[in-house]
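Q: Here is how the chains run, residue by residue.
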Amino acid sequence: MIPKKKHLPGLETIKTVVPQKHLERQELEIAGLTDTLASNIHKLTIPSSTRYLEDVREFVTTHATQAGFPDEVVEQLKIAVDEACTNIIKHAYKGKGENIIDLAVILSADKLIVRLRDEGVSFSPSDYKEPNLIEIAKKRRSGGLGVHIMNRLMDRVEYRTRDGVNECCLVKYFPS
Amino acid sequence: MFEIDRISESEISLAGHFDASQQEKASKIFEEIKTSHTVLFNELDYISSAGLSILLYTQQRLSEVGDALKLKGMNPHVKLVFEYAGFDQIFDIE
Chain A
0 MIPKKKHLPG LETIKTVVPQ KHLERQELEI AGLTDTLASN IHKLTIPSST RYLEDVREFV
60 TTHATQAGFP DEVVEQLKIA VDEACTNIIK HAYKGKGENI IDLAVILSAD KLIVRLRDEG
120 VSFSPSDYKE PNLIEIAKKR RSGGLGVHIM NRLMDRVEYR TRDGVNECCL VKYFPS
Chain B
0 MFEIDRISES EISLAGHFDA SQQEKASKIF EEIKTSHTVL FNELDYISSA GLSILLYTQQ
60 RLSEVGDALK LKGMNPHVKL VFEYAGFDQI FDIE
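As you go down the protein sequences, you meet chains A and B in turn.
Under numbering that gives the first Met the number 0, read the first sequence as residues 0 to 175, first letter to last.
Under numbering that gives the first Met the number 0, read the second sequence as residues 0 to 93, first letter to last.
It is worth saying that the hints were derived from the structure and are not from the lab.
No experiment lies behind these values; they were computed from the predicted model shown.
One should not assume that every hint holds.
Claimed, not checked - Below, computed lysine to any residue pairings styled on SDA-like, alpha-carbon distance capped at 20 Å:
id: 1; chain 1: B; residue 1: Lys78; chain 2: A; residue 2: Ser123
id: 2; chain 1: A; residue 1: Lys93; chain 2: B; residue 2: Glu23
id: 3; chain 1: A; residue 1: Lys89; chain 2: B; residue 2: Tyr56
id: 4; chain 1: A; residue 1: Lys137; chain 2: B; residue 2: Arg60
What the hints assert, rightly or not - Derived CB-CB ranges, DEER-like:
id: 5; chain 1: A; residue 1: Ser175; chain 2: B; residue 2: Glu8; range: 33 to 39 Å
id: 6; chain 1: A; residue 1: Arg161; chain 2: B; residue 2: Ala67; range: 44 to 50 Å
id: 7; chain 1: A; residue 1: Lys95; chain 2: B; residue 2: Ser26; range: 19 to 25 Å
Claimed, not checked - Covered by chain A, per the in silico footprint, the following chain B stretches (three or more residues, Cβ under 8 Å):
id: 8; region: 11-20
id: 9; region: 40-49
id: 10; region: 52-62
id: 11; region: 73-81
Here a beta-carbon is modelled for each residue, glycine too, at the ideal position from N, C-alpha and C.
Here chain A stands alone, though its shape is the one from the complex:
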């Protein structure tokens, strides 16, 4: 579960207060990654504000590069996680910065998963419509453009909600 925080600590502080009691085995089973070692999970928790997007991109870039993905794929992961985080901040949390987003980069033998968790309004993929660029232009809103880009860049994008926690997983397979 994502801890609730009334006062937002700085990012450095929040990194150290990521709950250590995460049920790694259970999490990995849910992700279908029972063969994955806990050491292959890297976590970051950020306040739900766009000012932390750069930290999120850096976090994913570091671990995707270390995992051996080529620069082009690292760039795709960076863009996709930015779009996913922005959607959570704007739509799940309605722009309110007092919430938090839990991120994890999970590595297995054949793929990398970036998992994002929030406790805001859930996103329903079945309600998603391909973006209408004319509508976006007129309303000055990104209107589904982020989801469209995520879908184009990732091998799979999965959404689920459990016990009030929304989870979005961005999946990228290692090049064969």
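The hints should help you fit chain B onto chain A, whose structure is shown.
A: For chain B alone, coordinates are given in the frame of chain A:
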């Protein structure tokens, strides 16, 4: 880091990372534009859909008076985002 500057009467330069945290700053400058402009991307390292939507909105507004944005000097990573979004069909990218 993100910088946006009107460097002449018809040119805007972008630098750094143009993500959702920079929407307000960028909108302020783009809203001042009333005629055709060239946007210089040479120093821009990154753009997300938040940045794309501001450019699209500006393009739509200018097209109503017969004007347009011309986008120049994109690095390959930034250009890819335009292609993934289908924006390479909408803008004049040089």
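Q: Decide, hint by hint, whether the structure agrees.
A: Here is how each hint holds up against the structure:
no.	hint	in the structure
1	Lys78(B) - Ser123(A)	30 Å, violated
2	Lys93(A) - Glu23(B)	16 Å, holds
3	Lys89(A) - Tyr56(B)	19 Å, holds
4	Lys137(A) - Arg60(B)	8 Å, holds
5	Ser175(A) - Glu8(B): 33 to 39 Å	52 Å, violated
6	Arg161(A) - Ala67(B): 44 to 50 Å	47 Å, holds
7	Lys95(A) - Ser26(B): 19 to 25 Å	21 Å, holds
8	11-20	holds (count 4)
9	40-49	holds (count 4)
10	52-62	holds (count 6)
11	73-81	holds (count 3)
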